[in-house]
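Protein sequence lines, in the order shown, are assigned to chains A and B.
Numbered according to UniProt numbering, the first sequence terminates at residue 212, and the numbering increases by one at each position without gaps.
Numbered according to UniProt numbering, the second sequence terminates at residue 469, and the numbering increases by one at each position without gaps.
Misleading hints may appear alongside valid ones.
The list that follows gives simulated cross-link-like pairs (lysine-lysine, BS3-like), each with its CA atoms no further than 30 Å apart [unchecked claim]:
no. : chain 1 : residue 1 : chain 2 : residue 2
1   : A       : Lys203    : B       : Lys51
2   : B       : Lys276    : B       : Lys330
3   : A       : Lys203    : A       : Lys193
4   : B       : Lys165    : B       : Lys273
5   : B       : Lys170    : A       : Lys193
6   : A       : Lys195    : B       : Lys265
7   : A       : Lys65     : A       : Lys31
8   : B       : Lys265    : A       : Lys203
9   : B       : Lys252    : A       : Lys203
10  : B       : Lys4      : A       : Lys203
11  : B       : Lys9      : B       : Lys174
12  : B       : Lys367    : A       : Lys195
13  : B       : Lys170    : B       : Lys273
14  : A       : Lys27     : A       : Lys122
15  : B       : Lys239    : A       : Lys193
16  : B       : Lys239    : B       : Lys170
Derived CB-CB ranges, DEER-like [said to hold, decoys possible]:
no. : chain 1 : residue 1 : chain 2 : residue 2 : range
17  : B       : Glu88     : A       : Ala132    : 44 to 52 Å
18  : B       : Leu47     : A       : Asp57     : 46 to 54 Å
19  : B       : Asp77     : A       : Gln210    : 51 to 59 Å
20  : A       : Asn70     : B       : Leu47     : 22 to 30 Å
21  : A       : Gln163    : B       : Phe434    : 19 to 27 Å
22  : B       : Gln387    : A       : Gln210    : 54 to 62 Å
23  : B       : Lys330    : A       : Gly180    : 31 to 39 Å
24  : A       : Arg2      : B       : Glu88     : 48 to 56 Å
25  : A       : Lys27     : B       : Glu88     : 48 to 56 Å
26  : B       : Gly74     : A       : Gly166    : 53 to 61 Å
27  : A       : Gln28     : B       : Asp255    : 45 to 53 Å
28  : A       : Ala196    : B       : Gly328    : 56 to 64 Å
29  : A       : Gly180    : B       : Lys373    : 54 to 62 Å
30  : A       : Phe139    : B       : Lys330    : 50 to 58 Å
None of these hints come from the bench; they were simulated from the model.
This one's a predicted model, so the numbers in the text were calculated from it and none came from an experiment.
Here a beta-carbon is modelled for each residue, glycine too, at the ideal position from N, C-alpha and C.
What follows is the residue order along each chain.
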Amino acid sequence: MRAFTTLTALVAPLDRANVDTDAIIPKQFLKSIRRAGFGPYLFDEWRYLDRGEPDMDCANRPLNKDFVLNQPQYHGAQILLTRENFGCGSSREHAPWALEDYGFRAVIAPSFADIFFNNCFKNGILPIVLPAETVDRLFREMADGYQLTIDLQSQTITTPAGQQIGFDVDENRRYRLLNGLDDIALSLQHADKIKAYETERAKRAPWLFQDA
Amino acid sequence: MAGKTLYDKLWDDHVVHTEDDGSCLIYIDRQLLHEVTSPQAFEGLRLSGRKPWRIARNLAVADHNIPTTDRAKGIADPVSRLQVETLESNCKEFGITEFHMSDIRQGIVHVVGPEQGATLPGMTVVCGDSHTSTHGASAALAFGIGTSEVEHALATQCLVQKKAKNMLIKVNGKAGPGVTAKDIVLAIIGQIGTAGGTGYTIEFGGEAIRELSMEGRMTVCNMAIEAGARAGLIACDEKTIEFYRDRPYAPKGDDWNMAVRYWEKLHSDPDAKFDKVIEFDAAAIKPQVSWGTSPEMVLPVDASVPDPARETDPVKRQSIERALQYMGLKAGQKITDIKLDKVFIGSCTNSRIEDLRAAAAVIKGRKKADSVKQVLIVPGSGLIKQQAEAEGLDKIFTAANFEWREPGCSMCLAMNADRLEAGEHCASTSNRNFEGRQGYGGRTHLVSPAMAAAAAIAGHFVNVAEDAS
Ligand code: SF4
């Protein structure tokens, strides 16, 4: 998992509330056997005028020109600014996979759905909760080339005008993101304990340790 | 100090590390893999350059997408085929044992595990499938996990878990004739509801549970998840130990003796404290039939479908109305008046040899009703199929115009070609009757194998307990 320390990047505004995981990545993509490569299908039903299918080549698909990510000024955006309850609906982990694969590293919203919020941290994405008024103000400030700087170490966002906005993150999650530790890496920090357990258990239950 | 529950013992035996917030790193003794939930876990390993921690603790078998007709023809559906082929190539790449479609040991993952002795008493068992609770019948701590946890267990042989609370469901007395493990567990779910066990590990105990065969105990634990509990448990006893003697993956020689001494301790202490205890009277349980779209919507076969007008709680009334509408049933209609279009005997709930014998026993030379379009008998594994054929059960089924198929999940979830058409009523020995579970618009009635076979003959539900007594 990629570490998240500081990020200065273009912001894309997605001015909708209750964006559900089926909108983020439609259910037909769950049949896929992949976990990478979902970026081209992010927001598939909003981004394209035809119906997307797994493994489809998106290069020549008809685009919905009105959708924010299709507007040239937002190309290369790594921060998504959106409204409340982002990521609601089914618990599919394909949603953060698709956001990450597209290139988003942070999502700012007044609130997030629980499971989605957790899944973001597991996939190197920083979800930031800000008061609805602050999010509102950021939407109003948006202009061409609008960039924000997010510093996870100091838990601050800096606007182009130099204004600083603080945000909260659970300490444990902050540590993991700063160090790029996914769940597995975190458990593997206890590798010695796992091995010690195996040695001790092999004496009590040798039949479980004849791997040959 | 108070005694320990079986769950406490299994948990304590597997804790590798405890975090400040109480979550624990739990050691996993066995992971079972199948084609639907494993591809992204393997891809995750590859993307991060990780290797499985202990290759030999994993065992793979394709079951969800496998065709139950002639295997030589391969798999027609491209998505299904891709998943099955991907499991094969991943197992090859990482050196994991897989039972292929052509292997006699192939079958439904939760049937294969105990049958091979690959899941044993005292183990922690995980699989990317919620019905992993089945293996708890052997006093193993077994629960379903998601794809990212499959990857985690592959890479670390551990999972991060928080301990659940302890619940004891005691089924006292003896069950009447014609009343099976399936009827017991359906009656339990009907009473405690699909959220009744949420946050708990349920231990099933009492005389009626001890009386059950290992197959029957697996049926009960299989449906613990339908009562909201991630894991179900049954204490180890003589039957458990006998079941595992000489299984291919079971310990041998001195190891066997040592294992047995350990397994004999796998029961709750007499003074163990449970957070919740619920008691049932086995003698009061009748053969069960689900009438709605949730496993808790279940009634004795001699009852009538509920009337929403008599329900005072508006939320419940609405859910009854919706279920009746989806199921195409009338309020107050007798359950024995429900006509069946199809019958499915199989799934990890009821596809073991005892289930097939029970189904065959009710046929008695009769044939399926003309109004029933199709009766599928899908054994849980190639070995069960072989055993059934050695006993001549296949002949009894085909003589009754039932179809005798190859092992797999089949119409339990309709990922392969076996499915219901919209509006069709099916007597099914599986575990879930959600909308569309057995095919878009399909109407599932959960029952025991004997009840399913009897319904296939009559064309509607009949009370097998009346025949039996
Ligand atoms: S038989 Fe049904 S419930 Fe069991 S593993 Fe297969 S699909 Fe899941």
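So, going through the hints one by one against the coordinates:
| no. | hint | verdict |
| --- | --- | --- |
| 1 | A:Lys203 <-> B:Lys51 | holds, 25 Å |
| 2 | B:Lys276 <-> B:Lys330 | violated, 37 Å |
| 3 | A:Lys203 <-> A:Lys193 | holds, 16 Å |
| 4 | B:Lys165 <-> B:Lys273 | holds, 10 Å |
| 5 | B:Lys170 <-> A:Lys193 | violated, 38 Å |
| 6 | A:Lys195 <-> B:Lys265 | holds, 25 Å |
| 7 | A:Lys65 <-> A:Lys31 | holds, 28 Å |
| 8 | B:Lys265 <-> A:Lys203 | holds, 17 Å |
| 9 | B:Lys252 <-> A:Lys203 | holds, 16 Å |
| 10 | B:Lys4 <-> A:Lys203 | holds, 23 Å |
| 11 | B:Lys9 <-> B:Lys174 | holds, 28 Å |
| 12 | B:Lys367 <-> A:Lys195 | violated, 59 Å |
| 13 | B:Lys170 <-> B:Lys273 | holds, 14 Å |
| 14 | A:Lys27 <-> A:Lys122 | holds, 21 Å |
| 15 | B:Lys239 <-> A:Lys193 | violated, 36 Å |
| 16 | B:Lys239 <-> B:Lys170 | holds, 19 Å |
| 17 | B:Glu88 <-> A:Ala132: 44 to 52 Å | holds, 51 Å |
| 18 | B:Leu47 <-> A:Asp57: 46 to 54 Å | violated, 22 Å |
| 19 | B:Asp77 <-> A:Gln210: 51 to 59 Å | violated, 39 Å |
| 20 | A:Asn70 <-> B:Leu47: 22 to 30 Å | holds, 28 Å |
| 21 | A:Gln163 <-> B:Phe434: 19 to 27 Å | violated, 51 Å |
| 22 | B:Gln387 <-> A:Gln210: 54 to 62 Å | violated, 28 Å |
| 23 | B:Lys330 <-> A:Gly180: 31 to 39 Å | violated, 60 Å |
| 24 | A:Arg2 <-> B:Glu88: 48 to 56 Å | violated, 31 Å |
| 25 | A:Lys27 <-> B:Glu88: 48 to 56 Å | violated, 26 Å |
| 26 | B:Gly74 <-> A:Gly166: 53 to 61 Å | holds, 60 Å |
| 27 | A:Gln28 <-> B:Asp255: 45 to 53 Å | holds, 49 Å |
| 28 | A:Ala196 <-> B:Gly328: 56 to 64 Å | holds, 60 Å |
| 29 | A:Gly180 <-> B:Lys373: 54 to 62 Å | holds, 57 Å |
| 30 | A:Phe139 <-> B:Lys330: 50 to 58 Å | holds, 53 Å |
Checked against the numbered hints above, the structure violates hints 2, 5, 12, 15, 18, 19, 21, 22, 23, 24 and 25; every other hint is satisfied.
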